[in-house]
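A.B. asks: This is what each chain is made of:
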Amino acid sequence: MKRAKKAKAWPKPKDLMGLSPAEYDTACAILGRTPTHTEHGIFSVMWSEHCSYKSSKKWLKTLPTTAPWVICGPGENAGVIDIGEGDACIFKIESHNHPSYIEPYQGAATGVGGILRDVFTMGARPVANLNALRFGDPKHPKTRHLVAGVVAGIGGYGNCVGVPTVGGETNFHPAYNGNCLVNAMTVGVARKDRIFYSAAAGAGNPVVYVGAKTGRDGIHGATMASAEFDDKSEEKRPTVQVGDPFTEKLLIEACLELMATDAIVAIQDMGAAGLTSSSVEMAGKGGLGIELDLDRVPARETGMTSYEMMLSESQERMLMILKPSRQKMAAAIFEKYGLDFAVIGKLTKTGRLVVKKNGQVDADMPIAPMVQASPEYARPWKKSPKRRAIDAKRLPKRDPVAVLPKLMGSPDLASKRWIWEQYDHLVRGHTLQRPGGDAAIVGLPGRKKALAMVVDCTPRYVHADPVQGGAQAVAENWRNLTAVGATPLAITDNMNFGNPERPAIMGQFVGAVQGMRKACKALRYPVVSGNVSLYNETNGNAILPAPVVGGVGLLKDADKRVDLALKEAGHALIVVGKTQGWLGASVYLREIEGIEDGAPPPVDLAAEKRNGDFVRGLIGKRLVAACHDASDGGILCAIAEMALAGRKGADLAPARADNAYLFGEDQARYVIATAKPEKVLALAKAARVPVEIVGRVSSGPSLTLAGRVLISVEALRAVHENWLPHYMSQKN
Amino acid sequence: MKSAIVVFPGSNREGDVADALQRASGKRPELVWHSTGALPAKLDLIVLPGGFSYGDYLRCGAMAARSPIMREVVARAKAGTPTLGVCNGFQILCESGLLPGVLLSNAGLKFICRDVHLKVATRRSLFTHRYAAGQVLRFPVAHHDGNYFADAGTLKRLEDRDQIAFRYCTPAGETDADGNPNGSARNIAGVFNAAKTVLGLMPHPENATDPATASALGGTTDGKTLFDAIVEAVSK
Chain A
7 MKRAKKAKAW
17 PKPKDLMGLS
27 PAEYDTACAI
37 LGRTPTHTEH
47 GIFSVMWSEH
57 CSYKSSKKWL
67 KTLPTTAPWV
77 ICGPGENAGV
87 IDIGEGDACI
97 FKIESHNHPS
107 YIEPYQGAAT
117 GVGGILRDVF
127 TMGARPVANL
137 NALRFGDPKH
147 PKTRHLVAGV
157 VAGIGGYGNC
167 VGVPTVGGET
177 NFHPAYNGNC
187 LVNAMTVGVA
197 RKDRIFYSAA
207 AGAGNPVVYV
217 GAKTGRDGIH
227 GATMASAEFD
237 DKSEEKRPTV
247 QVGDPFTEKL
257 LIEACLELMA
267 TDAIVAIQDM
277 GAAGLTSSSV
287 EMAGKGGLGI
297 ELDLDRVPAR
307 ETGMTSYEMM
317 LSESQERMLM
327 ILKPSRQKMA
337 AAIFEKYGLD
347 FAVIGKLTKT
357 GRLVVKKNGQ
367 VDADMPIAPM
377 VQASPEYARP
387 WKKSPKRRAI
397 DAKRLPKRDP
407 VAVLPKLMGS
417 PDLASKRWIW
427 EQYDHLVRGH
437 TLQRPGGDAA
447 IVGLPGRKKA
457 LAMVVDCTPR
467 YVHADPVQGG
477 AQAVAENWRN
487 LTAVGATPLA
497 ITDNMNFGNP
507 ERPAIMGQFV
517 GAVQGMRKAC
527 KALRYPVVSG
537 NVSLYNETNG
547 NAILPAPVVG
557 GVGLLKDADK
567 RVDLALKEAG
577 HALIVVGKTQ
587 GWLGASVYLR
597 EIEGIEDGAP
607 PPVDLAAEKR
617 NGDFVRGLIG
627 KRLVAACHDA
637 SDGGILCAIA
647 EMALAGRKGA
657 DLAPARADNA
667 YLFGEDQARY
677 VIATAKPEKV
687 LALAKAARVP
697 VEIVGRVSSG
707 PSLTLAGRVL
717 ISVEALRAVH
727 ENWLPHYMSQ
737 KN
Chain B
-17 MKSAIVVFPG
-7 SNREGDVADA
3 LQRASGKRPE
13 LVWHSTGALP
23 AKLDLIVLPG
33 GFSYGDYLRC
43 GAMAARSPIM
53 REVVARAKAG
63 TPTLGVCNGF
73 QILCESGLLP
83 GVLLSNAGLK
93 FICRDVHLKV
103 ATRRSLFTHR
113 YAAGQVLRFP
123 VAHHDGNYFA
133 DAGTLKRLED
143 RDQIAFRYCT
153 PAGETDADGN
163 PNGSARNIAG
173 VFNAAKTVLG
183 LMPHPENATD
193 PATASALGGT
203 TDGKTLFDAI
213 VEAVSK
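Residue numbers (my numbering), protein chains in the order written: chain A, 7 to 738; chain B, -17 to 218.
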């Protein structure tokens, strides 16, 4: 940790508000005195794990963040990439784990609201939302309640603001019993030359507050998100904010209308740590000071102190620096939408944050030293122990006739239709691929191109081997975009881990970042934005580590997209990529044998790139009728999903038909259906990509293996579709 | 054709229906912000789009139905200007009294976004004349409160006077409980006023008009016919 001065021990209040004694001393050293109550609160949230990334930034810095198509990498509200024709795509993912566990509906809803603001703050029209959800054991008494609340919250917010929720993933595992994960991603589109940043400029320029009024909700939310849970976590409910998607919708429209003019100098949403972090970040980035008169802040309730106002996390608020000459015009736009618009201060040359209330100065602190002294820890970490590979031959022999429906109806592989049918995934009218495919696709009006997007992580792999698991999350994401025909461009990451003060947990984090780094480099797939959520533990039980990857890719010609549905009897089914039959850390091992062990499948990034580029090339040549990545549950589950989507049977006759081959989770593989297998085989040979024909799409009603019926497609549909609705209809 | 879409605070499918109308008529409709005060003169069509007007924190459509611009919409509609309300627009039409009945919460108490099948109940209207009688269509729905309700007398009157536009049905065209996604009375998905110049429906024909997005929607552009029909009728 960098210190402003050599720390001496200062007298301390009883409640340090989450600061360590050393951090409190640093704060005193910066001020040359003990902080006021308001200043203490400001230090506390600015230096919280959530806002300062103090445990993670040392490692996050090692991730690749550049490419010729990256316009803006991490550090702004969201990442920005060039998608051609003067268009830019702006996107980010963010967690709302702690609030969602405490109050699932509002926690999840405000997670969506927060990530939307991060994206439209930069000038983008939000065009799609996605989410990655992880819940505890379905048998745990809280799980059903959390699923219902989180899904309703995401839908309630996204549906109302009119942004389609087009994709996501949902897992269940007992490691999330006390900490569900709710990660929300927003993708937006802007003109490349109309992107807005947060660095303030121009001393004397007005600081303008717009949006909803400030209340006492969410005070110290960022601090809550930076601590572990215990049995008393329910008492933290008042730190969860309450969302108002209607106001957000108006705020989107008003901001975009204002952004079409030249009025804005800088803009920043008020997210975690509200007025504090937005004002400090804007002034800090501009090397300026800022003076706030809190009596002018639109307030929802009377008698709020400056401490409460500075720390409130009331939703749907933005802070802007405007050109003084455009103030009147800007005010008229917000008035049109019935939103508050208040000049609450001005930029200064002092470099200090000055907060006044009732004519009294409640905070007067230097911004640069506070930002520079923001703690950065090289936390001790321990490499995760290596697991041995699983020898598939030693596992009991099982009949795939019994295995397939069991896997397809297991909580992780079962259809998530019950969830995504509660999300309006069609509004705006440009959804080209609905949820349920490898990646969602959203068209851009007036353009031939489309954006593909997806979120991925396989926490059981990360837990088994953080390096391989981190690489796998990136690779699978890249593969899913490839499977629809898109060229993957960049990612946003959401790092969900336990308590970083424990070396074993920190080791998971470090390993995952190392794996992601390798994969991002090998696949030329840079990180442009992200979020870290640590302390996902309850009573000392950490979650399965989840470095969730949100990826965006480009389809230059949207007409050349493919989906996973089998199209026509007679098409050959070809597996691209090599299959050894890797069962370590697989769904098969967990669901069928009840074993959660073994090394996860190794990630060969060179093969990943080669196979993916090959498949994308085939799709571009229109040689692929259907395509699906082979991941959880292996080749047979992949083909089963393709059969369900296309309402077609398939006759399979692979060279090997043991369960390790059928259900193994070797990486870098795709299943494609093609009308021209000879051509595909010839191209594969030339590209040195391993391929094998494993069967044909049939006109029959069933999936067959070597002439024997495994299951009819309609019976498979019943087990696949029924699990979640049935589960949700039960009572504890 | 001259059409206007009324945009309330919280409307969110105004762009979708504007695109659909443009596809059918070749002309972009005018978007009229609710507080502008007046609708353009001599309109061939007024549209109330989907969304969450005023957040719909009260009964859906109740606030919008009482907003000043609705006085003019009601007057124009009563004077015979063709008026279409989709989803939230249907709710507003019911709340404003232009259409009979109300929309309750879905029987399943959840938001539903998926494709449904609809049976054309009558082709005798400016909105439905290009469909075949009894034709089965596929449109998406996206609503939480689409459960149509009216008292028995009203339902009978609607049926007797051919005021039912669409009914939810199974893919095979059965208007039974299996084909009913939200519990609507007698599977009613859309109704007309007595003069059949006002249509309200919960499903989104505007989201089933674009050949480019059709593959995501099970291949349907069935909604285009509805907009084509309107264009043809008002152009005569």
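Worth double-checking, as some hints may not be accurate.
Said to hold, decoys possible - Straight-line Cα separation of at most 30 Å, DSBU-like style, residue types lysine-lysine; simulated pairs:
id : chain 1 : residue 1 : chain 2 : residue 2
1  : A       : Lys527    : A       : Lys737
2  : A       : Lys455    : B       : Lys206
3  : A       : Lys454    : A       : Lys145
4  : A       : Lys392    : A       : Lys524
5  : B       : Lys206    : A       : Lys562
6  : A       : Lys573    : A       : Lys527
7  : B       : Lys92     : A       : Lys566
8  : B       : Lys9      : A       : Lys562
9  : B       : Lys24     : A       : Lys566
10 : B       : Lys9      : A       : Lys737
11 : B       : Lys138    : A       : Lys455
12 : A       : Lys145    : B       : Lys24
13 : A       : Lys454    : B       : Lys60
14 : A       : Lys573    : B       : Lys206
15 : B       : Lys9      : A       : Lys342
16 : A       : Lys392    : A       : Lys219
17 : A       : Lys342    : B       : Lys(-16)
18 : A       : Lys342    : B       : Lys206
Said to hold, decoys possible - Label pairs and their calculated CB-CB ranges:
id : chain 1 : residue 1 : chain 2 : residue 2 : range
19 : B       : Gln117    : A       : Asp619    : 44 to 54 Å
20 : A       : Glu263    : B       : Ala196    : 50 to 60 Å
21 : A       : Val248    : B       : Thr18     : 53 to 63 Å
22 : A       : Gly600    : B       : Leu40     : 44 to 54 Å
23 : B       : Ala154    : A       : Asp236    : 53 to 63 Å
24 : B       : Arg168    : A       : Lys342    : 55 to 65 Å
25 : A       : Pro707    : B       : Thr152    : 15 to 25 Å
26 : A       : Lys342    : B       : Asp158    : 42 to 52 Å
No lab work stands behind these hints, which were simulated from the structure alone.
Quick caveat: nothing in here was measured; it's all calculated off a predicted structure.
Cβ atoms here follow ideal geometry from the backbone N, Cα and C, with glycine treated the same way.
A.B. asks: With the threshold set at 30 Å, check whether the alpha-carbon distance from Lys454/A to Lys60/B stays at or below it.
C.D. replies: It is violated: about 43 Å lies between the C-alpha atoms, which goes past 30 Å.
A.B. asks: With the threshold set at 30 Å, check whether the alpha-carbon distance from Lys454/A to Lys145/A stays at or below it.
C.D. replies: Cα-Cα ~47 Å, so violated.
A.B. asks: Could you see if the CB distance from Pro707/A to Thr152/B stays within 15 to 25 Å?
C.D. replies: With a Cβ separation near 20 Å, Pro707/A and Thr152/B satisfy 15 to 25 Å, so the hint holds.
A.B. asks: Holds or violated: Lys392/A and Lys219/A, Cα atoms, limit 30 Å.
C.D. replies: 52 Å, violated
A.B. asks: Would the hint linking Lys24/B and Lys566/A be met if the CA-CA limit is 30 Å?
C.D. replies: Between Lys24/B and Lys566/A the Cα gap is close to 43 Å, so the pair fails against 30 Å, i.e. violated.
A.B. asks: Does the alpha-carbon distance linking Lys342/A and Lys206/B stay inside the 30 Å limit?
C.D. replies: Not OK: Lys342/A and Lys206/B at ~34 Å, beyond 30 Å, violated.
A.B. asks: Compare the distance between the alpha carbons of Lys392/A and Lys524/A with 30 Å, and conclude whether the hinted pair is satisfied.
C.D. replies: 19 Å, holds
A.B. asks: Given the hint of 44 to 54 Å, check if Gln117/B and Asp619/A actually sit that far apart at their C-beta atoms.
C.D. replies: Between Gln117/B and Asp619/A, where Cβ atoms are some 46 Å apart, the hint holds.
A.B. asks: For Lys92/B and Lys566/A, compute the direct alpha-carbon distance and say whether it is at most 30 Å.
C.D. replies: Violated, because 35 Å separates the two Cα atoms, which is more than 30 Å.
A.B. asks: For the pair supplied as a hint, Lys9/B and Lys342/A, confirm whether the alpha-carbon distance does not exceed 30 Å.
C.D. replies: 27 Å, holds
A.B. asks: Would you say the C-beta atoms of Lys342/A and Asp158/B sit inside 42 to 52 Å of each other?
C.D. replies: Hint holds: Cβ distance 48 Å, inside 42 to 52 Å.
A.B. asks: Can the restraint linking Lys145/A and Lys24/B be considered satisfied, given a maximum Cα separation of 30 Å?
C.D. replies: 62 Å, violated
Hint compliance for this structure: hints 1, 3, 6, 7, 9, 10, 11, 12, 13, 16, 18, 20, 21, 24 are not met, and every other hint is.
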